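Trainee: With the hints as constraints, model all of the structure from the sequences given.
From first to last, the protein sequence lines stand for chains A and B.
Under the numbering used here, read the first sequence as residues 1 to 502, first letter to last.
Under the numbering used here, read the second sequence as residues 1 to 502, first letter to last.
What the hints contain is simulated information worked out from the structure, not anything from laboratory work.
Any given hint could be a false lead.
It does not matter which identical chain is used: a pair holds within one copy or between any two.
Subject to a maximum C-alpha distance of 16 Å in a straight line, what follows is the list of computed EDC-like cross-link-like pairs (lysine to aspartate or glutamate) [said to hold, decoys possible]:
| hint | residue 1 | residue 2 |
| --- | --- | --- |
| 1 | LYS37 | ASP225 |
| 2 | LYS37 | ASP227 |
| 3 | LYS47 | GLU21 |
| 4 | LYS438 | ASP158 |
| 5 | LYS121 | ASP408 |
| 6 | LYS254 | ASP352 |
| 7 | LYS121 | ASP279 |
| 8 | LYS438 | GLU460 |
| 9 | LYS37 | GLU367 |
Values in this document were obtained by computation on a predicted structure and should not be read as measured data.
There are 2 protein chains.
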Amino acid sequence: MTTGELYADLTRRLSDLTAIEETLGILQWDQEIVMPKGAVHARGRQKATLAGLLHQNQSSAALGGLLQRLGERGDLDDIARANVREAHRDHARAARIPEALVRRWASLTVQAHDVWVEARKAAAFGQFEPVLGEMVDLAKQRAAAIDPGRPAYDVLIDEFEVGMTMARLDGVFAELKATLVPLIARVRARMAQGGLPDASWLRSPVPAERQREVGESMVRAMGFDFDRGRLDTSVHPFCGGAGTDDVRITTRYKETAFLGSLSGMIHETGHALYEQGRDRTLGDQPVSRARSMGIHESQSLLWEKQVGQGAAFWRPHYPRLQAAYAFLAAVSFDDFVFGLNLVQLGNFIRVDADELTYPLHVILRYEIERDLFSGALAVADLPAAWNAKMVQYLGIEPPDAALGCLQDVHWSSGSFGYFPSYTLGAVYAAQFMQAARKAVDVEATLGAGDVQPLLGWLREHVHRMGSRFPTDELVARATGRPLDTAPFRAYVTEKYSRLYRL
Amino acid sequence: MTTGELYADLTRRLSDLTAIEETLGILQWDQEIVMPKGAVHARGRQKATLAGLLHQNQSSAALGGLLQRLGERGDLDDIARANVREAHRDHARAARIPEALVRRWASLTVQAHDVWVEARKAAAFGQFEPVLGEMVDLAKQRAAAIDPGRPAYDVLIDEFEVGMTMARLDGVFAELKATLVPLIARVRARMAQGGLPDASWLRSPVPAERQREVGESMVRAMGFDFDRGRLDTSVHPFCGGAGTDDVRITTRYKETAFLGSLSGMIHETGHALYEQGRDRTLGDQPVSRARSMGIHESQSLLWEKQVGQGAAFWRPHYPRLQAAYAFLAAVSFDDFVFGLNLVQLGNFIRVDADELTYPLHVILRYEIERDLFSGALAVADLPAAWNAKMVQYLGIEPPDAALGCLQDVHWSSGSFGYFPSYTLGAVYAAQFMQAARKAVDVEATLGAGDVQPLLGWLREHVHRMGSRFPTDELVARATGRPLDTAPFRAYVTEKYSRLYRL
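Mentor: Given below as structure tokens:
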């Protein structure tokens, strides 16, 4: 068979895998947004069947043989070679995990989730401890099956952020800690002095329907294409759906925290713009998809934080916001921007954290996961380790496990190694923003209400690139350097020194 | 392996097939209710992939071998034996259709649908003729692959109504024509005399939101379980979803035809009650599912026509309806019931037809399909044959093909042999209703606003039976006789003679 024929066979098989993944995306969206509550058991069956079919097809010897033969051909173009590389990686992982382990993993995560919900409700880590221990053991087995030659936690991180390792994260996170811990201490000292702008208007009540109208208009202003996506309400906000033409974001509304839903919508729109901006000429193939979870988070955080907490973006929209929310008439534009960036030092919860403290919540979890998988930390000692690090990094101690080590869903779903993506995203976002500013006048165009120049830069350098290049190469091509914490550190130091008059 | 082990393997495989079918149900619902319009191409890919996986798994040699071995075991109980029978039928059909034909069929139906939409818009049969010819040829090949020893049209009918044949339908439809054609002639003559109740209130405008409220309250009153289902708005009403715990019905609203959406909701609720009433102890297996399309239609039509166009059902609800729709204050209860059963003799469109003329629309289509597949009718001669039969059975001639032979979607989707199910449903419904009346006092309980006695009888004799028995046996166990047109003929003759004072 010619290379062209082999490659056509490959793309047909990969299209099928994509279609199954997209279908799982629809089942998930449906479950969270519209599914009748009595269907939860049936939905579990449907998802398990599709996940089984996906694993079966992804790990098939036929696909493996095809990838092997194509890997030996010298006449593939760059795109096709990248596509084979991505598909091979997926196949190799799937093929190495025994069917029995896949099934055990699926059933244990369902069980662990239920146990976690109850344990969190009771703020009782002891209830969660046994099943968490089992999850960690099973994750170790999984990692050993995928690559027995590497540390388990490196293998797990690699599932979300290809090529990332503990060695590298240790360095990255040490740099961030060195900047953030003293910076937060200075903010804390400054707050103790008083005299900062009042931000109590952040708790002014706004009816959900009004929040929805304003939020939707911002989502539209950011360039979200409603012909290829939806905006709905859910308990936990997410960006899901089924591929570049069906991108579905959700938000939730709390009457006394209008900024939460607004920034949440901007965050999910950042994810959505990445998905909607994929290169359609690359088809429904692995090469077209988002590079990694870290890069995905870079797109949401770039819009939510770098853009959506900046003065330029809000300047043209603020009069409209003031017209919609009467209490803002008494809030100056500068005070509004200060409120957008309010540092909340008493907060225990990662998802509610501000830009400055968020990375420390992540680093804490990273260090705990790392030590759990190296054996340096026993599952039983987790709560004590958690609380000690909270005191060390943020100066506060959680009163119970619900506000401490039971707060996140990730461990109950077996997503060990996911947390670093959030902060890698913040670091990448600062790199992208710095590079974009060199190419286009971001401040002036955002200030004129025009997101297209910035969006166009992201489309060209990130969205349309998909998975054509490894992450470091993608970032280096876009910004001139691979992963680099300097822009993020400079950005937070400058911004918070200015806002808090340090 | 023991019979128990073999059977456990079978049910696991059949669960997977059910899960794929249910997932296709969700993809379809999503497409019609919430999908962004730009996702239509991607959705086509997703559905094609899932349909391919379903066919692959359903036709697999492993499943075939398992069914063969189980078929030879003497120690299966009745339920398991019925389950093996149903699964074997599905497997045998799937296994006999070559993969290439499955793919050709899928792509031709997509193409034919687009051509049909345009042809209907232009009222130009000539545009549709070539692709319809191809569809008929391919359907013949399909039928020959499934069973070369039987007439093609019998094989096609059998897909929707197991065991039904032209020989039998010819007899059934001859009996119906013999009753309906002269009955309609008498109604027509009576209408020419005038003096019948005024029914112009049927066109009184009602806002869609009010129609929705009233409709939903009726759906609830009929026993639809909203914890295991939904009610939404769509262009074409349907009952879909994903199995007994996720039953989704839809309706549409026309301001000047409130009865259309109301009776539509009652119709779809009839389908839904059948699905929600399946026997959960039979699991997600073929033996638990609805017996046939004809039996499914019997449930929708029993509620829409036999119940929903009767005085007893409306007596307790009419004051509430009058309170909701002010113009009904001037309409007596008897006139309201007359309006529910209005015969509209000038109507060309099947989906808008009343109870009396509907079967003739179906019989016309049946005879045309039968003659197309026997070769007695050429595709090119279809419009002339259609119009001649319209004149013969209903006394009216369509002015163009859009109001004639291009009106239905079925042929463009290759659903040859489906139409008879509608009228078989009406016939079965009359049988079930007659039998239910013998067991419970339907008039008195409906008249007291209590649907449970009737619903309970249907649950026990139809819904919970699923596919345990062949259709004739199901009907005979419930009513004492297999398919029998006498109850339907007696019912329409009595009712319309009374209402029209013939």
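Trainee: Could you work out which earlier hints the structure fails to respect and list their numbers in ascending sequence?
Mentor: 4, 7 and 9
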